[in-house]
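Peer 1: Model the full assembly from the supplied sequences, consistent with the hints where possible.
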Amino acid sequence: MMDFLRLFGREDVSSKDIAKERLRLILVHDRANVSPQFLEMIKSQIINIISDYVDIEEEGLEVKLTRMKKGEEITVPALVANIPIKRIKHVARV
Amino acid sequence: MGQVIVITSGKGGVGKTTTTANIGTGLALLKHRKVVMIDADIGLRNLDVVMGLENRIVYDLVDVVQGVCRLKQALIRDKRFENLYLLPAAQTKDKNAVSPEQMKNLCEQLREDFDYVLVDCPAGIEQGFKNAIAGADKAIIVTTPEVSAVRDADRVIGLLEAEGLNEPQLIINRIRPDMVKRGDMMDIDDIIDILAIDLLGVIPEDERIVISTNRGEPAVADENSKAGQAYRNIARRLEGENIPIMSLDVEPTLMERIKMLFGLRSRR
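Respectively, the protein sequence lines represent chains R and F.
For the first sequence, numbering that gives the first Met the number 0 gives the first residue as 0, with consecutive numbering after it.
For the second sequence, numbering that gives the first Met the number 0 gives the first residue as 0, with consecutive numbering after it.
Check before you lean on any hint, since a few could be wrong.
Cβ pair distances, simulated, as ranges [to be verified]: (1) 33(R) <-> 222(F): 44 to 52 Å; (2) 28(R) <-> 165(F): 31 to 39 Å; (3) 37(R) <-> 240(F): 27 to 35 Å; (4) 222(F) <-> 39(R): 54 to 62 Å; (5) 192(F) <-> 28(R): 12 to 20 Å; (6) 37(R) <-> 160(F): 47 to 55 Å; (7) 69(R) <-> 240(F): 33 to 41 Å; (8) 187(F) <-> 74(R): 18 to 26 Å; (9) 64(R) <-> 222(F): 45 to 53 Å.
Since the hints were made in silico from the structure, they are not lab data.
If you're wondering where the values come from, they're calculated on a predicted model, not measured in any experiment.
Cβ coordinates follow ideal geometry from the N, Cα and C atoms, glycine included.
Peer 2: Written out as structure tokens, the structure is:
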């Protein structure tokens, strides 16, 4: 029965929706005019600041520009940093 | 004083030249406007071929700019359509033979005598693009429903705004209603939503465009061409007429008829 329905229905995501999503992400980058060097710069500065407080896995650190939902209809560009933590340093806190 | 409109796209092969030829012819044919089309694609001229005027070229854009001939000598009058003229690009010269300042002066001169000066912009965003937009007070952007073309259109919109050419209008070319219906091609709304600019018109994919280009006769003059109809509508919209976007419904296929019969999918 399922196969029969599959024959008549459309189950997978339409290629147009894939195109739209890809395009949106491409344009976030294009419009922000963010170069890979710029992202690398942010990355190294984040490492500098954070490593005073936590041990992080530097190879796993990822900084990327993406889109994020803000409310029902609105989507905004977002800078997302994924920082894998090895250990919290217990330095003296002021 | 006429207006100077540049037809641009960023990406090549989306239909800038065909669009320029058809809008120009449409304005002359339907609205009896005095129109001149400038081919700004120096080194790769094509507007003359699309218009079927390739055998009538004596002087070109670069000759005019360099003072080799007078402007009037280089203008080719289209004998089929009253009030329609072409200023061809040079084929053998470099695009750096012209500066933005010279293009601006040329457009200023032409707008004294013509209602519309249409500039067919070359692909890309380098010198040729800068020349083509220099004298324009309005821009039409041509795109197709593909990721690459829409991406380039977005880039060009940004560059135009940086040059003070605000509020460009969009033409979506080569829409295939059957593919849109299947969900395999971005729809008008999808593209407008992403680019956030005004829509000037939508041109369906049409075999008759190929045929008319083969013959060197713009499709806008072909009563049986759907794309021609879309271009006639655009010419009227440019003249301020309020004409709704052509409906692009397709007849349901046999399979869809069967589905409808079983109530599996409702007709859109």
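Peer 1: Confirm or reject each hint.
Peer 2: Against the structure, the hints:
no., hint, in the structure
1, 33(R) <-> 222(F): 44 to 52 Å, "holds (50 Å)"
2, 28(R) <-> 165(F): 31 to 39 Å, "violated (24 Å)"
3, 37(R) <-> 240(F): 27 to 35 Å, "violated (47 Å)"
4, 222(F) <-> 39(R): 54 to 62 Å, "holds (59 Å)"
5, 192(F) <-> 28(R): 12 to 20 Å, "holds (18 Å)"
6, 37(R) <-> 160(F): 47 to 55 Å, "violated (22 Å)"
7, 69(R) <-> 240(F): 33 to 41 Å, "holds (40 Å)"
8, 187(F) <-> 74(R): 18 to 26 Å, "holds (20 Å)"
9, 64(R) <-> 222(F): 45 to 53 Å, "holds (50 Å)"
In summary, the structure is inconsistent with hints 2, 3, 6 from the numbered list given earlier, while agreeing with the others.
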